[in-house]
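Just so you know, the sequences run in chain order S and R.
Counting in the numbering used here, the first sequence runs from 1 upward without gaps.
Counting in the numbering used here, the second sequence runs from 254 upward without gaps.
Heads up, some of the hints might be wrong.
One-sided and incomplete, this derived list gives chain S residues near chain R with beta-carbon spacing under 7 Å [what the hints assert, rightly or not]:
id, residue
1, Leu-41
2, Leu-45
3, Arg-92
4, Phe-189
5, Pro-195
Here chain S is said to cover these stretches of chain R; the calculated rule only asks that three of the stretch's residues, wherever they fall, bring their Cβ under 8 Å from a Cβ of chain S [said to hold, decoys possible]:
id, stretch
6, 295-306
7, 354-366
No wet-lab data here; the hints were simulated from the structure.
Even for Gly, the Cβ is constructed at its ideal location relative to N, Cα and C.
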Amino acid sequence: MTAIAGTLRLASASSKQLLRSSEVWATTIAFPGALLAILWLFSELRFEFGTQEVPLIDFWVTGLGVLGVALGNGHAFLANISTWKAGGVLKRISVTPISAGQLIVGEVIPRAVLGMATIIAFLAVGNGLGANIQMGVELVSVLPVMVMVTFTGLSVAFIIAGVTKTPQNANATDTAVSWPLYLVTGAMFPLAAFPTWLEQTAHYIPYTGLIATVRGVVLDSRPLTDFGPELVIGAAWITVLLVAATRTYGFVK
Amino acid sequence: MTTSTLPLFRASWKMMLRSRGVIAAIITSTLYVAFFGLIEDLDFAVGTETIRFFDFVLPGFAVFLMVYQIQDITVAVAASFKARGILKRLATTPLSPARFIGVQTLIYLGLGVVASALVLTIGKMVGGNVAMTTNLLWFIPLVALVALTSIALAYTIAGLAPNPQTATNIGGTISFLMFGFAGVLFPTQALPGVLPDIVPYAVPHAAVIEAIRGITLNGDSISGYGHQILIGITWLVLAFTASTLSYRFTED
């Protein structure tokens with residue numbers, strides 16, 4: 001069996017395991033579903049800041065939804081890879097015909113696909129419930145941004161699993177890292193309402209530019225080319241995070 | 254009885270303060286409110302009405318974040334007691350399970366009130382428009398009412414759920430829904446149709462949080478919120494009754 005065929009079989013097996021997992025149903029169906037239901041019921045509510053106003057449902061579907069799904073997916077992934085580390089799974093795998101790298105890629109592929117599919121479904125259902133999401137080419141054009149959002153989350157998961165010693169510590173660290181992101185990335189609250197120093201700093205935080213891009217494209221039909229600086233910052237973060245992930249997580253053992 | 258209860262209080266208090274979850278809850282609640290204080294130029298708008306975002310969320314967060322944590326912790330502890338038969342074993346010792354649970358409840362009640370007052374104070378310091386009148390003292394019994402109801406709900410959940418994992422999931426789901434609909438983060442007037450009229454009756458804490466908001470933001474007199482407090486007491490009685498029916502406190 002070639003390495004690629006073996007990896008694909010692993011990815012297939014991981015996909016089946018994912019679909020059987022209750023935490024996946026919680027992070028891809030239950031949490032996003034409950035959030036959408038709440039936003040739908042509060043669809044008359046608006047945020048006002050400066051001279052602007054935006055319906056809460058538009059703002060949160062494109063911000064909290066994107067970030068929540070990405071972080072939820074990363075959180076669930078983290079549980080797996082930190083358990084692998086604690087149990088020495090990769091070390092044991094490396095003495096079998098399957099390499100540790102294949103195992104990881106086999107796990108990453110279904111997670112990435114699932115994360116992206118959930119975000120797209122979240123935006124589509126949000127549109128059905130009254131959010132002003134553009135469902136045409138805009139949705140297709142943000143697909144690369146969804147890939148970036150997903151890989152940012154998975155890279156962070158590898159780093160946390162790498163720097164922590166137990167799955168419990170990994171879980172606690174991930175929670176501690178995640179909650180400030182909800183507040184300062186513009187996912188929940190408009191950056192324009194922040195004090196100037198915080199608004200300017202927030203642009204350089206992972207996810208901030210990617211959320212602004214998704215919002216600008218699917219709410220205002222702006223082209224991706226309008227978001228060059230945001231995408232460059234997002235890409236720079238992915239590069240930094242991937243390098244940090246390879247250094248902290250013992251991929252090959 | 255008092256001589257054995259006081260050491261139990263001291264031991265429970267120490268155990269609680271050693272719990273990383275409790276410390277994290279206090280720090281997190283405080284940081285949330287401090288962060289919201291930074292968001293100066295943000296309002297909620299419903300129709301033609303607007304309300305400053307920070308003023309709206311400050312009373313709700315001061316009450317709910319701590320109470321949510323207490324409910325979460327109590328669900329986990331009570332479900333664990335049930336699964337491991339702790340109360341049954343305790344019943345064979347001189348310490349009665351009822352007194353053991355009573356002390357724990359009082360400890361968490363005290364923690365809820367102190368932590369909520371701390372969060373409100375931080376909120377005031379970072380720019381919240383808290384009305385500093387003598388009516389503000391009513392904040393204490395009202396927070397206690399919310400916390401006690403939550404603890405009773407936690408025992409009900411632990412009693413009805415088959416295992417600790419399910420109990421935790423049910424508790425988390427109920428808290429999430431209360432967070433959305435109890436007027437903690439969003440004004441319930443923004444709900445459609447008759448829901449704004451139903452929510453104060455149907456959602457635990459919603460009516461009491463409305464009273465707390467009026468007292469803390471406007472310095473309103475408690476006498477203007479008799480109806481809301483009656484609803485809150487009714488929820489407490491219902492939750493307490495449900496907990497005694499579903500959770501075997503004495504393990505007889």
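Comparing the hints with the structure gives:
1. Leu-41: holds (6 Å)
2. Leu-45: Constraint on Leu-45/S satisfied, holds at 4 Å.
3. Arg-92: For Arg-92/S, the interface hint is violated, since the closest Cβ of chain R sits about 28 Å away, which is over 7 Å.
4. Phe-189: Since chain R brings a Cβ to about 6 Å from Phe-189/S, closer than 7 Å, the hint holds.
5. Pro-195: holds (6 Å)
6. 295-306: Result for this restraint: holds, n = 8.
7. 354-366: violated (count 0)
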